[in-house]
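A.B. asks: Listed below, chain by chain, are the residues.
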Amino acid sequence: AQSVAQPEDQVNVAEGNPLTVKCTYSVSGNPYLFWYVQYPNRGLQFLLKYITGDNLVKGSYGFEAEFNKSQTSFHLKKPSALVSDSALYFCAVRDGGTNAGKSTFGDGTTLTVKP
Amino acid sequence: KAGVTQTPRYLIKTRGQQVTLSCSPISGHRSVSWYQQTPGQGLQFLFEYFSETQRNKGNFPGRFSGRQFSNSRSEMNVSTLELGDSALYLCASSLGEGLTEAFFGQGTRLTVV
Numbered sequence: 003a004q005s006v007a008q009p010e011d012q013v014n015v016a017e018g019n020p021l022t023v024k025c026t027y028s029v030s031g032n033p034y035l036f037w038y039v040q041y042p043n044r045g046l047q048f049l050l051k052y053i054t055g056d057n058l059v060k061g062s063y064g065f066e067a068e069f070n071k072s073q074t075s076f077h078l079k080k081p082s083a084l085v086s087d088s089a090l091y092f093c094a095v096r097d098g099g100t101n102a103g104k105s106t107f108g109d110g111t112t113l114t115v116k117p
Numbered sequence: 020k021a022g023v024t025q026t027p028r029y030l031i032k033t034r035g036q037q038v039t040l041s042c043s044p045i046s047g048h049r050s051v052s053w054y055q056q057t058p059g060q061g062l063q064f065l066f067e068y069f070s071e072t073q074r075n076k077g078n079f080p081g082r083f084s085g086r087q088f089s090n091s092r093s094e095m096n097v098s099t100l101e102l103g104d105s106a107l108y109l110c111a112s113s114l115g116e117g118l119t120e121a122f123f124g125q126g127t128r129l130t131v132v
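Here the protein sequences come in this chain order: A and B.
If you count the first sequence from 1, you need to add 2 to reach our numbering.
If you count the second sequence from 1, you need to add 19 to reach our numbering.
Isolated chain A (complex conformation) (with noise of 0.2 Å):
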């Protein structure tokens, strides 16, 4: 079985600052991690994605994220928040070593960046 964790519900920073937003996952086989960014009223839309190579990945709109596997990790991250950057981000993992055609999803965490 595969799973995903996102620990924070809610992140805020303030517009400028550095954010993070955490993710942790579990799978049998190789991990195909994505991270997806919700707007309001809106379908997910793909931010970055983990398959193999350089642990950390860069992404849509100056976002990145480092892959960790001792601490089976794939954290969001980006040097300066922007308020157009608060919305809804879930993580997603996919098990390479079966039918990978399956992404189980975090819960979710809402990022709100302040002026």
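I should point out that these hints are in silico values taken from the structure, not numbers from a laboratory.
Take the hints with a grain of salt, since some may be wrong.
Chain B stretches covered by chain A per the calculated footprint, using a threshold of three residues with CB under 8 Å from any CB of chain A [claimed, not checked]:
(1) 37-51
(2) 67-77
(3) 123-129
In silico negatives: residues of chain A with every beta carbon more than 10 Å from chain B [what the hints assert, rightly or not]:
(4) E10
(5) Q12
(6) V15
(7) K24
(8) T26
(9) S28
(10) D56
(11) F65
(12) D87
(13) S88
(14) T106
(15) K116
Taking CB as the label site, the calculated pair distances span [to be verified]:
(16) A:G31 <-> B:Q63: 19 to 25 Å
(17) B:T39 <-> A:T54: 38 to 44 Å
(18) A:N70 <-> B:R92: 23 to 29 Å
(19) A:L84 <-> B:N90: 36 to 42 Å
(20) B:F79 <-> A:A16: 37 to 43 Å
(21) B:G59 <-> A:L84: 25 to 31 Å
(22) B:Y29 <-> A:L84: 29 to 35 Å
(23) B:Q37 <-> A:A16: 25 to 31 Å
(24) A:E66 <-> B:R92: 31 to 37 Å
Positions of the beta carbon are idealized from the N, C-alpha and C atoms, including for glycine.
Once you've looked at the hints, dock chain B against the given chain A.
C.D. replies: For chain B alone, kept in the frame of chain A given last:
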């Protein structure tokens, strides 16, 4: 190119009725997945289709079913609706299985009264 299109955007149904939701994936995408999103349960995987075959299924009762057509368009059906089926149903398409990221539609908001 056009994104993932889900129809209808909003639906209101009565308990006991059935409903069919439609999803048109991005052109060229062969994999379609369905998710149920509710405030209490988050995003729950329903099923995934690839080339007209159901490849994965989540832990939902048999009232939830789906299919995919030869043009990759997909439908999901919920029979004997219950109040707890009220949710945002999201469809996601991707090029294939595994490595590729998913592109989500805006969802169908189903309200069961």
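A.B. asks: Now tell me if each hint is right for this structure.
C.D. replies: Evaluated hints:
1. Under the rule that three or more residues need a Cβ within less than 8 Å of chain A, the assignment of the region 37-51 of chain B is violated, with 1 such residues.
2. Here the region 67-77 of chain B counts 5 residues with a CB under 8 Å from a CB of chain A, which clears the bar of 3, and the coverage holds.
3. Here the region 123-129 of chain B counts 4 residues with a CB under 8 Å from a CB of chain A, which clears the bar of 3, and the coverage holds.
4. With 10 Å as the threshold on Cβ separation, the claim that E10 of chain A sits away from chain B holds: the shortest Cβ distance comes to roughly 14 Å.
5. Look at Q12 of chain A: its CB is around 14 Å from the nearest CB on chain B, clear of 10 Å, so calling it non-interface holds up.
6. For V15 of chain A, the condition that its CB be more than 10 Å from all CB atoms of chain B holds, with the nearest at approximately 23 Å.
7. For K24 of chain A, the shortest C-beta to C-beta distance to chain B comes to about 16 Å, beyond the 10 Å cut-off, and the non-interface label holds.
8. Distance check on T26 of chain A: its Cβ is at least 16 Å (rounded) from any Cβ of chain B, clearing the 10 Å threshold; non-interface status holds.
9. Against chain B, the non-interface label of S28 of chain A holds: every CB pair exceeds 10 Å, the least being about 16 Å.
10. Non-interface call for D56 of chain A relative to chain B: holds, since the shortest CB-CB distance, roughly 16 Å, exceeds 10 Å.
11. Non-interface call for F65 of chain A relative to chain B: holds, since the shortest CB-CB distance, roughly 14 Å, exceeds 10 Å.
12. The Cβ of D87 of chain A sits about 19 Å from the closest Cβ of chain B, beyond the 10 Å cut-off, so the non-interface label holds.
13. With a least CB separation of 18 Å from chain B, S88 of chain A remains clear of the 10 Å interface cut-off, as annotated.
14. Not every beta carbon of chain B lies more than 10 Å from that of T106 of chain A, the smallest distance being close to 7 Å; the non-interface claim is violated.
15. Residue placement check: K116 of chain A keeps its beta carbon more than 10 Å from all beta carbons of chain B (closest about 23 Å).
16. In this structure, G31 of chain A and Q63 of chain B meet the distance hint of 19 to 25 Å, their C-beta atoms being roughly 22 Å apart.
17. Take T39 of chain B and T54 of chain A: their Cβ atoms lie about 39 Å apart, and the range 38 to 44 Å holds.
18. Against the hinted window of 23 to 29 Å, the Cβ-Cβ separation of N70 of chain A and R92 of chain B comes to about 40 Å, which falls outside the hint.
19. Range check, L84 of chain A to N90 of chain B: Cβ separation about 40 Å, and the 36 to 42 Å hint holds.
20. At about 41 Å, the CB distance of F79 of chain B to A16 of chain A agrees with the hint of 37 to 43 Å.
21. The supplied range of 25 to 31 Å is met by G59 of chain B and L84 of chain A, whose beta-carbon atoms lie about 30 Å from each other.
22. About 31 Å separates the C-beta atoms of Y29 of chain B and L84 of chain A, a value consistent with the hinted range of 29 to 35 Å.
23. Checked against the hint of 25 to 31 Å, the C-beta distance between Q37 of chain B and A16 of chain A comes to roughly 49 Å, which is inconsistent with it.
24. Our hint of 31 to 37 Å for E66 of chain A and R92 of chain B holds, since their Cβ atoms are close to 35 Å apart.
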